[in-house]
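*Asks:* If you're matching positions, the sequence shown starts at 490 in our numbering and goes up one per residue.
No wet-lab data here; the hints were simulated from the structure.
Any given hint might turn out to be false.
Just the calculated beta-carbon pair ranges, DEER-fashion [to be verified]: (1) ALA578 <-> ALA512: 14 to 24 angstroms; (2) LEU525 <-> MET580: 13 to 23 angstroms; (3) PRO503 <-> ILE576: 17 to 27 angstroms; (4) TYR514 <-> SER569: 14 to 24 angstroms; (5) ARG562 <-> ASP536: 33 to 43 angstroms; (6) VAL558 <-> ARG505: 15 to 25 angstroms; (7) ALA512 <-> MET534: 34 to 44 angstroms; (8) SER553 <-> GLN529: 32 to 42 angstroms; (9) CYS521 <-> PRO565: 38 to 48 angstroms; (10) GLU555 <-> PRO535: 32 to 42 angstroms; (11) SER573 <-> ASP507: 11 to 21 angstroms.
These numbers come from a predicted model, not from an experiment.
Note that beta-carbon positions come from the ideal geometry of N, C-alpha and C, so glycine has one too.
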Amino acid sequence: MKFLLILQGDGEQPLRRDEFERAAYDAGELVCGEVLADPQLAVHMPDRAAPAAIDAYYLIDVDSRERAVELARLLPDCQSAGRSVEIRAVMHSTAADF
Numbered sequence: 490m491k492f493l494l495i496l497q498g499d500g501e502q503p504l505r506r507d508e509f510e511r512a513a514y515d516a517g518e519l520v521c522g523e524v525l526a527d528p529q530l531a532v533h534m535p536d537r538a539a540p541a542a543i544d545a546y547y548l549i550d551v552d553s554r555e556r557a558v559e560l561a562r563l564l565p566d567c568q569s570a571g572r573s574v575e576i577r578a579v580m581h582s583t584a585a586d587f
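Whenever a hint applies, use it, and build me the whole structure from the sequences.
*Replies:* So this is what it looks like as structure tokens:
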């Protein structure tokens, strides 16, 4: 099952996510991940107040939701004030995973 880990919140300092990246990569579960540009450079459609800032994401491919949660707990975003990690399943066109 694929899950998108959405990292969001406030924070001026970049967080080191080495432990998560090493664990997910070594297990063959890290598909990709990127840090996003500053939210002030974003375009919101329709034009209204922006939601919580998303500053990075990881796409993982794991055997279960429990494993996705286990990996997400390695992210410092889970323990940092004003930050959070949202774990969302990536749906396939048949929704066969559910």
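*Asks:* Next step is simple, just say for each hint if it's right about the structure.
*Replies:* Here is what the structure says about each hint:
no.: 1; hint: ALA578 <-> ALA512: 14 to 24 angstroms; in the structure: 20 angstroms, holds
no.: 2; hint: LEU525 <-> MET580: 13 to 23 angstroms; in the structure: 22 angstroms, holds
no.: 3; hint: PRO503 <-> ILE576: 17 to 27 angstroms; in the structure: 21 angstroms, holds
no.: 4; hint: TYR514 <-> SER569: 14 to 24 angstroms; in the structure: 22 angstroms, holds
no.: 5; hint: ARG562 <-> ASP536: 33 to 43 angstroms; in the structure: 37 angstroms, holds
no.: 6; hint: VAL558 <-> ARG505: 15 to 25 angstroms; in the structure: 21 angstroms, holds
no.: 7; hint: ALA512 <-> MET534: 34 to 44 angstroms; in the structure: 36 angstroms, holds
no.: 8; hint: SER553 <-> GLN529: 32 to 42 angstroms; in the structure: 37 angstroms, holds
no.: 9; hint: CYS521 <-> PRO565: 38 to 48 angstroms; in the structure: 19 angstroms, violated
no.: 10; hint: GLU555 <-> PRO535: 32 to 42 angstroms; in the structure: 37 angstroms, holds
no.: 11; hint: SER573 <-> ASP507: 11 to 21 angstroms; in the structure: 20 angstroms, holds
The earlier numbered hint that this structure contradicts is number 9, and it is the only one.
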